[in-house]
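S.K.: Here is how the chains run, residue by residue.
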Amino acid sequence: MSMTGEEIQRLLDVVRDTQAVEIDCDVCLMQVGEFAEDRLAGKPIAEGLKAIEQHLLICPECREEFEALCQAINALKKTAS
Amino acid sequence: MVRDRNNDEWIKSLEAEGPVRETALADLRELLVVGLKSSLKSRSDYVESMMDDFLQDSLIRILQALNQFQNRSRFVTWATSIAIRVAMTELRKRRWRDVSLEKLVADTNFDPVSDVDGDVVPERRELVEAMYRVINTQLTDRQRTVLLAEIKGMAQEEIAGQLGCSRNALYKLSHDARFRLKQELVQAGFDYQSFAFAFNE
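Those protein sequence lines, which keep their order, are chains W and X. Taking my numbering, the leading residue of the first sequence gets 1, the next gets one more, and so forth. Taking my numbering, the leading residue of the second sequence gets 1001, the next gets one more, and so forth.
So that you can see chain W by itself, here it is in the shape it has in the complex:
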């Protein structure tokens, strides 16, 4: 069984977005909260958070968790108001 076309395209996408220096999932976890709050507030991505943006492009697990976090932040806002 070979890879599907979708899988090959996904591989090409992550290879394209790969950088010489990257952060790992643990570093991403410590800063993704700030990234999510800024994103939901419509702020431009701060220079110090560009590495988080890049990591979310290549790591599907952290991206899934980021999307879940955005949902959670919105739910928490509703609870507070």
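Don't take every hint at face value.
Listed below are the simulated DSBU-like cross-link pairs for lysine-lysine, each with C-alpha atoms no more than 35 Å apart in a straight line [stated by the list, open to error]: (1) K78(W) to K1037(X); (2) K78(W) to K1012(X); (3) K1012(X) to K77(W); (4) K1093(X) to K77(W).
FYI, nobody ran anything at the bench for these hints, they're computed from the structure. The structure presented is a predicted model; accordingly, all values stated were derived computationally and were not measured.
With chain W held as given, fit chain X onto it using these hints.
M.R.: Coordinates of chain X only, in the frame set by chain W:
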């Protein structure tokens, strides 16, 4: 009604002892329930009976990591991100625990694109073939395994477990493979644009 606190109050309360800490933990727990429920509700692999375990493990992880909180977001946002990591790691582990990495790799190969020929955009065929060539000749067995397992969607925790390495070591393996692949393809003359849309929608 849960009392929210500013970041300093959260840290001080959680580092305190006695009733102050207990109240803060109870409040944090309630907020984590709100966050986790909203982020897991659409997942078919989540059932409510898992919530208590997720909360318990999350609170332990959060308390262990308190000194790593950099005050760059709301404390509750940071704590929720850890709880989501705990919950989703567990759900992924359950989904992939009976899948053998060895079998997944044995069943799949980086063959030439014969069986996806029809879908490849003609001008990208060369790129896809070059990518296979690099994968087959320039990467180590472990790098190929990691790349394939990740593209198949296998959980990183499970890949790391079956390879007998840490998650950070796994990330390095994956990064080295991707970076090598990129370098070789760029050197072969493929530019950034050509990586996109190799396949018809």
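S.K.: Of all the hints numbered above, which does this structure not satisfy? Sort the numbers upward.
M.R.: Result: no hint breaks.
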